[in-house]
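One-letter residues, chain by chain:
Protein chains: 2
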Amino acid sequence: MNERQRARRPGGRSARVGAQVHQAVTDLISERGYGNFTVGEVAARAGVADSSIYRRWGSLENLLTDVALTRLNAQSPMPDTGSLAGDLRTYAAQVAREITGPDGPAVLHLAVALSSSGQQGLEAGADLRAERTRQLQSMLDRARDRGEPAPDVFDVLDHILAPMYIRVLFGMVPLTPDYIDGLVDRLL
Amino acid sequence: MNERQRARRPGGRSARVGAQVHQAVTDLISERGYGNFTVGEVAARAGVADSSIYRRWGSLENLLTDVALTRLNAQSPMPDTGSLAGDLRTYAAQVAREITGPDGPAVLHLAVALSSSGQQGLEAGADLRAERTRQLQSMLDRARDRGEPAPDVFDVLDHILAPMYIRVLFGMVPLTPDYIDGLVDRLL
Chain U
154 MNERQRARRP
164 GGRSARVGAQ
174 VHQAVTDLIS
184 ERGYGNFTVG
194 EVAARAGVAD
204 SSIYRRWGSL
214 ENLLTDVALT
224 RLNAQSPMPD
234 TGSLAGDLRT
244 YAAQVAREIT
254 GPDGPAVLHL
264 AVALSSSGQQ
274 GLEAGADLRA
284 ERTRQLQSML
294 DRARDRGEPA
304 PDVFDVLDHI
314 LAPMYIRVLF
324 GMVPLTPDYI
334 DGLVDRLL
Chain S
154 MNERQRARRP
164 GGRSARVGAQ
174 VHQAVTDLIS
184 ERGYGNFTVG
194 EVAARAGVAD
204 SSIYRRWGSL
214 ENLLTDVALT
224 RLNAQSPMPD
234 TGSLAGDLRT
244 YAAQVAREIT
254 GPDGPAVLHL
264 AVALSSSGQQ
274 GLEAGADLRA
284 ERTRQLQSML
294 DRARDRGEPA
304 PDVFDVLDHI
314 LAPMYIRVLF
324 GMVPLTPDYI
334 DGLVDRLL
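Same order as they appear, the protein sequences are chains U and S.
Using this note's numbering, the letters of the first sequence map in sequence onto residues 154 to 341.
Using this note's numbering, the letters of the second sequence map in sequence onto residues 154 to 341.
This is chain U alone, in the form it adopts within the complex (with noise of 0.2 Å):
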């Protein structure tokens, strides 16, 4: 893209190549792995300048993690069907179809990645998790609210969470309904 093409794009610019970069980056990392591509690659395939690239995120690493952060931020809220049941099967339902749809992979690895990437990665990381572990509990309390008995929110990142990403991440899918519900009733 040259400085002329720029210059007659309508508003909105910025956001467009925003998405056009993020979707560029995912879809790398699905065809290629994490981290098998370079920023002129990922220019290329979004249809923009390196510089453009470099002008607004500084970096490879920093694009990442932008990504990484934007996914990660965009899933869906927490159930609320009225039993704890319910709610846990619904939502490990929702994130097995979130890490086993098309961009799932590819957003878990970046998830992954972005723990590894220093100390901004580790603290962006972090602040999602305490934002995802606080809507969690809320889940969780209603549930002991209702009088029911309600797990730690830490056995369900260990028992119902980790059980699905590792099997995403070490390429062992699908993960069926009767996996998913199998985990839930366990931990209940």
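It is worth saying that the hints were derived from the structure and are not from the lab.
Virtual Cβ for every residue (Gly too), placed ideally from N, Cα, C.
The reader is advised that the hints may include incorrect statements.
To be verified - Here are the computed distance ranges between Cβ atoms for each label pair: (1) M231(S) <-> S167(U): 48 to 58 Å; (2) R297(S) <-> D331(U): 21 to 31 Å; (3) G235(S) <-> D308(U): 24 to 34 Å; (4) D308(U) <-> A168(S): 40 to 50 Å; (5) Q273(S) <-> D331(U): 26 to 36 Å; (6) Y332(U) <-> A246(S): 26 to 36 Å; (7) G300(U) <-> Q273(S): 49 to 59 Å; (8) D334(U) <-> T286(S): 43 to 53 Å; (9) D331(U) <-> R339(S): 48 to 58 Å; (10) A246(S) <-> D308(U): 17 to 27 Å; (11) G235(S) <-> D305(U): 29 to 39 Å; (12) Q290(U) <-> R339(S): 12 to 22 Å; (13) A168(S) <-> S291(U): 32 to 42 Å; (14) R299(U) <-> R299(S): 43 to 53 Å.
Unchecked claim - Which residues of chain U face chain S? A partial, calculated answer using Cβ under 10 Å: (15) G186; (16) Y187; (17) V192; (18) R208; (19) G324; (20) P327.
Got chain U; can you put chain S on it based on the hints?
Just chain S now, with coordinates in the frame of chain U:
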């Protein structure tokens, strides 16, 4: 390194270069995160020429797969303590030590990346997990032969290994002995 230096080297050079390059990869993953370095940087770190790496491994991707497989194949043997609780506690503590050691998170990242780096990596990862599953199954079979009730091998993956892997991948460390024993006790 130029041709003259190479010619001067004594036997065993190939093994030594291999070990240097593998360690350089592991160090760079630990320091910068997976995917944040080039063949040139690995070569500089290992003190070898870029061309040595390309000649031997062909690409950064193949090199990363080789490091992953070598490290994952070097895992400790399965314990045989005489009781399933003893075996699983020892095994879990051993895995925890490996994945929280100096190279542990890097090796876990390599394992995860293996499954996202195309068909070859996916198959190599699957072979490796099949071998590990076979060893774990032998441990569970020994327990059953002694008359002890034993869980399914995939329950060990889902409820002992996956929680520890995810906590290390997300930087939620340390894994305390109480936490590790708790995972085993809960499964049994």
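Outcome of the hint check:
1. M231(S) <-> S167(U): 48 to 58 Å: 55 Å, holds
2. R297(S) <-> D331(U): 21 to 31 Å: Check passed, 24 Å falls within 21 to 31 Å.
3. G235(S) <-> D308(U): 24 to 34 Å: 30 Å, holds
4. D308(U) <-> A168(S): 40 to 50 Å: Between D308(U) and A168(S), where Cβ atoms are some 46 Å apart, the hint holds.
5. Q273(S) <-> D331(U): 26 to 36 Å: This hint holds: roughly 31 Å between Cβ atoms.
6. Y332(U) <-> A246(S): 26 to 36 Å: Holds: the Cβ-Cβ distance is about 28 Å, inside 26 to 36 Å.
7. G300(U) <-> Q273(S): 49 to 59 Å: 54 Å, holds
8. D334(U) <-> T286(S): 43 to 53 Å: 23 Å, violated
9. D331(U) <-> R339(S): 48 to 58 Å: 21 Å, violated
10. A246(S) <-> D308(U): 17 to 27 Å: Holds - the Cβ-Cβ distance for A246(S) and D308(U), about 20 Å, lies within 17 to 27 Å.
11. G235(S) <-> D305(U): 29 to 39 Å: Distance hint for G235(S), D305(U) holds at roughly 32 Å.
12. Q290(U) <-> R339(S): 12 to 22 Å: 20 Å, holds
13. A168(S) <-> S291(U): 32 to 42 Å: Cβ of A168(S) to Cβ of S291(U): about 56 Å, so the range 32 to 42 Å is violated.
14. R299(U) <-> R299(S): 43 to 53 Å: 44 Å, holds
15. G186: Nearest chain S Cβ about 4 Å off; hint holds.
16. Y187: 5 Å, holds
17. V192: At 12 Å from the nearest chain S Cβ, V192(U) fails the 10 Å test, so the hint is violated.
18. R208: Violated, because the Cβ-Cβ distance from R208(U) to chain S comes to roughly 20 Å (cut-off 10 Å).
19. G324: For G324(U), the interface hint holds, since the closest Cβ of chain S sits about 4 Å away, which is under 10 Å.
20. P327: Violated - the Cβ of P327(U) stays beyond 10 Å from chain S, reaching only about 14 Å at its closest.
The structure shown violates the earlier hints numbered 8, 9, 13, 17, 18 and 20.
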